[in-house]
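Residue numbers (the numbering used here), protein chains in the order written: chain A, 1 to 112; chain B, 1 to 114.
Keep in mind the hints are simulated off the structure, nothing from the lab.
Just so you know, not all the hints are guaranteed correct.
As the list claims (entries may be wrong) - From the structure, some residues in chain B lie toward chain A, with a derived Cβ separation under 10 Å:
#	residue
1	Lys13
2	Gln18
3	Ser27
4	Ser31
5	Val32
6	Tyr35
7	Phe47
8	Glu48
9	Ser51
10	Gly58
11	Cys91
12	Ala101
13	Phe105
14	Leu111
Backbone N, C-alpha and C fix where the C-beta goes; we use that ideal spot for every residue, glycine too.
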Amino acid sequence: GEDVEQSLFLSVREGDSSVINCTYTDSSSTYLYWYKQEPGAGLQLLTYIFSNMDMKQDQRLTVLLNKKDKHLSLRIADTQTGDSAIYFCAERRATGFQKLVFGTGTRLLVSP
Amino acid sequence: KAGVTQTPRYLIKTRGQQVTLSCSPISGHRSVSWYQQTPGQGLQFLFEYFSETQRNKGNFPGRFSGRQFSNSRSEMNVSTLELGDSALYLCASSPSGQEVAPLHFGNGTRLTVT
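In isolation and in its complexed conformation, chain A is listed as follows:
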């Protein structure tokens, strides 16, 4: 099917690391993305990874990809209260042009 699965909610304390997980469905997916959505706003691109990579690091963000298990994760180091938002993973399939299939979103709550 088309479902991209994410856990609904994650709560962490400021300064801790956050790990948001995503399971996608299509082994032909070429690129996988992480977007952040704050209240009343659109989607902000955080980072993305090509399907032939295992890991990508971008400042506080680390993306891990396990292609065999179709599992993607986003680790946020030193999580801040400003990181509180909904995080979406998305996959772009080989024949989909610019169509992205989004996960259900994970609401991250960072408490002081």
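Go by the hints and put chain B onto chain A.
Below, chain B without anything else, positioned relative to chain A:
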């Protein structure tokens, strides 16, 4: 560089009416995609335009349509509005049709149908 601009930000319409939403992509971007976001269905792909041609379409009824102009600006239209069309409509642009180019989203148009 200005981001993706969507107008209007908010719209309230009545069932049976029609509505047009507008999207101006980032300067130089030629691909524009539209997504619908609802609490129940999440983010769903509507359609994508590249060089004024629709390249891909999601599973939405024919009441949902779109077009792209020669300057890459895009509009989407929803006719005979239903209560279930209430949603945040997001537009995204990318530099080209190539897969390597990520999508950049606007802040959306929130449509309420009463």
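Tested hints:
1. For lysine 13 of chain B, the interface hint is violated, the least distance from its beta-carbon to any beta-carbon of chain A being 20 Å, above 10 Å.
2. Because the smallest distance between the Cβ of glutamine 18 of chain B and any Cβ of chain A comes to about 24 Å, over 10 Å, the interface hint for this residue is violated.
3. Contact between serine 27 of chain B and chain A, as hinted, is not supported at the beta carbon level, the nearest pair being about 17 Å apart and thus beyond 10 Å.
4. A hinted interface residue such as serine 31 of chain B counts as satisfied when its beta carbon comes closer than 10 Å to some beta carbon of chain A; here the least separation is about 5 Å, so the hint holds.
5. Annotation: valine 32 of chain B was flagged as interfacial toward chain A, and the flag holds, the nearest CB pair being 9 Å apart, inside 10 Å.
6. A hinted interface residue such as tyrosine 35 of chain B counts as satisfied when its beta carbon comes closer than 10 Å to some beta carbon of chain A; here the least separation is about 8 Å, so the hint holds.
7. For phenylalanine 47 of chain B, the interface hint holds, since its Cβ comes within 10 Å of a Cβ in chain A; the closest pair sits about 9 Å apart.
8. At about 5 Å, the closest approach between the beta carbon of glutamate 48 of chain B and any beta carbon in chain A falls short of 10 Å, and the interface hint on this residue holds.
9. At a threshold of 10 Å, the smallest CB-CB gap from serine 51 of chain B to chain A is about 12 Å, leaving the interface hint violated.
10. The interface hint given for glycine 58 of chain B is met, as the beta carbon of that residue sits about 7 Å from the closest beta carbon of chain A, less than 10 Å.
11. The criterion of a C-beta within 10 Å of any C-beta in chain A is met by cysteine 91 of chain B, whose closest approach is roughly 8 Å, and the hint holds.
12. Evaluation of the alanine 101 of chain B hint against chain A yields a held restraint, the C-beta minimum of about 8 Å falling below 10 Å.
13. Checking phenylalanine 105 of chain B against chain A by beta carbon gives a least distance of about 4 Å; that is within 10 Å, so the hint holds.
14. Given the 10 Å rule on beta carbons, the hint for leucine 111 of chain B is violated: about 14 Å separates it from the nearest Cβ of chain A.
The structure fails to meet hints 1, 2, 3, 9 and 14 from the earlier list, while all remaining hints are met.
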